[in-house]
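Sequence lines, in order, name chains A and B. All the letters of the first sequence, read from the start, carry residue numbers 0 to 344 under numbering that gives the first Met the number 0. All the letters of the second sequence, read from the start, carry residue numbers 0 to 344 under numbering that gives the first Met the number 0.
To be clear, the hints were calculated from the coordinates, so they are not data collected in a lab. There could be a bad hint or two in this list.
Unchecked claim - A few chain A positions that, by computed beta-carbon distances, are all more than 10 Å from chain B: (1) Ala33; (2) Leu43; (3) Pro86; (4) Ser93; (5) Pro233; (6) Gln241; (7) Asn294; (8) Glu326; (9) Gln328.
To be verified - Which residues of chain A face chain B? A few of them, derived with a C-beta cut under 7 Å, are: (10) Val17; (11) Ser98; (12) Arg102; (13) Met104; (14) Phe221; (15) Leu262; (16) Phe292; (17) Ile293.
Here a beta-carbon is modelled for each residue, glycine too, at the ideal position from N, C-alpha and C.
There are 2 protein chains.
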Amino acid sequence: MKKRTFVTQKQIAKEAGVSQTLVSFVLNGSTEIAISDDTRQRVLDVAKELGYVPQAAAKSLVHGRSNNIGLVLVNPHYQVFRDPYIPNIITGLSNVVRSSDYRLMVEHINDYNGIMTIRHMLKSGEVAGIVMTNFQMAEQVAGPLIKEEYPIVLLEKPEGILAPAPSVGIDHFSGIRCATQHIISLGHERIACIAYGTPRDVHLHKRIKAFRDTITQAGLTFEDRYLRFGHYEPERGYLAMQSLLEETPRVTAVFGMNDLMALGAIRAILDAGLRVPEDIAVVGYDDMRFAEFINPALTTVRAPEVEQGQIAGKMLIDIIENNPISELQVMLETQLMLRASCGAA
Amino acid sequence: MKKRTFVTQKQIAKEAGVSQTLVSFVLNGSTEIAISDDTRQRVLDVAKELGYVPQAAAKSLVHGRSNNIGLVLVNPHYQVFRDPYIPNIITGLSNVVRSSDYRLMVEHINDYNGIMTIRHMLKSGEVAGIVMTNFQMAEQVAGPLIKEEYPIVLLEKPEGILAPAPSVGIDHFSGIRCATQHIISLGHERIACIAYGTPRDVHLHKRIKAFRDTITQAGLTFEDRYLRFGHYEPERGYLAMQSLLEETPRVTAVFGMNDLMALGAIRAILDAGLRVPEDIAVVGYDDMRFAEFINPALTTVRAPEVEQGQIAGKMLIDIIENNPISELQVMLETQLMLRASCGAA
């Protein structure tokens, strides 16, 4: 396959017998210099004849800004797209971006070079603005850019130096408290938690704190030995649950901080000859599509991720276009989905 | 938040006391006209002082092509990203694109205007090439573009006027035959199939043909009344299975053409008081992450989708850069994952 070549202004100039500068003035509709109607028409005729299309690059130079919106994924995981979170964000985002005549670029960074890339994309006008997942490196990445007033929307409530930044978050801590309170309300006193996240991840500690505070505020004792770390995979939930089953006295309920780990935990409980929820109640988090159909159906927490992407995209475009914005920091609520695995249904 | 403005060549010209044309010549390193070293240095100093960054748009004009790769999703579904297929493709694609210093744009089209958009993106140089999912509209979309020799890689073996187009496909028909043969080998004679796809979708008919041919080639009878349509949702698999349970004689095995429908089918069988696999064996397709952990674990077919995205990205970049390519049409194989739900494990 040969490489497609563009009709250039140089070719048009040659064909029309005028200078390239003049072609450029005509095609950009410039009024800076006087051009005779005849010459103007000749250039336009030749351009049409040769099949000239204004290059996007040239058009964005003329219009002064790019039509690209960047989704910046700040995450060390190669498998970032296998988690349903990012696909859900893209679903919401791409819907808004498309209907507003922008395009979506997806940029995945995981080191300092990545930060420089984003800075350059914004500074050079490659993207008009970015929506950014907000993990460990958020301050390093977004801090300087927000200070320089580039259009950025974060996908989490920002803190510290980022506190005033535009954001669309989901109140996961409230979701965790709600799930934990529900388990407590069913009469459980020994409740395990299978958390996920790397030790560097500040959100890991906040998630655990939300769980622990709910336990202690209910007058129960939070026990470290009922806490496990499982990352995102069902395999890890399975192993975490196996190890929890060795603790005496055994827990009567387990909260898996994502559905895949909760799924692995259920499997480990059944493989040990125990029943869910009769022997051990299980609650997950995410409401993935399988949650309602596994056996027993998984009680879990639904987070409005598609809506989050949609609202963030809308906010970013409003910022780029200088439209009025009613609320620069939005926080969305989660919803407890009651099913059989917790024993309440 | 104010809109960030760029330092323009005009500002540099004003500050350095030279013409804008001269600034442009200096910054683009042009040798077309003689510029004194003093003047050249003054322009560069002023540009540096003002924080000028060459615009991406300007750079891509100079270099003659874009650094953007487009992933074009031709699909009528709003929920295209909720299917794990596209996220898997993006995972593979973004990995290659990133390491080759390109950027990934995601464009989602579902009508004739969308086709025009893609054409314009290529023609205007907004993207250097595209990887395209290959559903109903493939011929209309890709046909003219491939004829015009734009760099395109299709994610399915092309047929008809597209037959010579570069492609990276997965041999799903072989996967379907393999799963069906496996069910037959376990001694089943009444085998249901829950298919998905719209009636317009030519692939739906090919998938059913692959199933039917395998049945008849084994000397069994294909019966229309054991065929159901379930789309992508577990809910539809559940309803399809409920209706299959009403047929007499009852089937002894069911092949769900994706895992989510197979999951719904299992649930319907259990809810009817029957056992999987003892009363009805179930086989799925996809090997989604839950498949191994549900109860019973789902026998299914794994398709190398991440690898497909990776190879397609590599092929597209090679085409764009005129690198030699050993194989312009690649077909990847699927793998049967034997677990408990079919009764063989």
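Practice task
Please confirm whether Leu43(A) is truly not at the interface, meaning its C-beta sits more than 10 Å away from all C-beta atoms of chain B.
Solution key: Since the minimum Cβ distance to chain B is about 18 Å, Leu43(A) lies beyond 10 Å and the statement holds.
Practice task
Have a go at the Val17(A) hint: is there a Cβ in chain B nearer than 7 Å to its own Cβ?
Solution key: 16 Å, violated
Handout entry: chain B contact restraint for Arg102(A) - C-beta distance below 7 Å
Key = 6 Å, holds
Practice task
Please confirm whether Pro86(A) is truly not at the interface, meaning its C-beta sits more than 10 Å away from all C-beta atoms of chain B.
Solution key: 4 Å, violated
Problem - Phe221(A) as chain B interface residue, shortest Cβ-Cβ below 7 Å - result: With a minimum Cβ separation of about 28 Å from chain B (threshold 7 Å), the hint on Phe221(A) is violated.
Problem - Agreement of hint Leu262(A) with chain B interface, Cβ distance less than 7 Å - result: 5 Å, holds
Exercise for the section: Check the non-interface label on Asn294(A): least C-beta distance to chain B beyond 10 Å or not. Expected result: 6 Å, violated
Problem - Closest CB of chain B to the CB of Glu326(A) still more than 10 Å away - result: 14 Å, holds
Exercise for the section: Measuring Cβ to Cβ, find out whether Gln241(A) lies farther than 10 Å from everything in chain B. Expected result: 13 Å, holds
Practice task
Mind verifying the non-interface call on Ala33(A)? Its CB should be farther than 10 Å from each CB in chain B.
Solution key: The claim stands: Ala33(A) keeps its Cβ more than 10 Å from every Cβ of chain B (closest is about 17 Å).
Exercise for the section: Could you check if Ile293(A) really has its C-beta closer than 7 Å to a C-beta on chain B? Expected result: At about 5 Å, which falls below the 7 Å cut-off, the nearest Cβ of chain B leaves the hint on Ile293(A) intact, so it holds.
Problem - Interface hint for Ser98(A), Cβ within 7 Å of any Cβ on chain B - result: 11 Å, violated
Checked against the numbered hints above, the structure violates hints 3, 4, 5, 7, 10, 11, 14; every other hint is satisfied.
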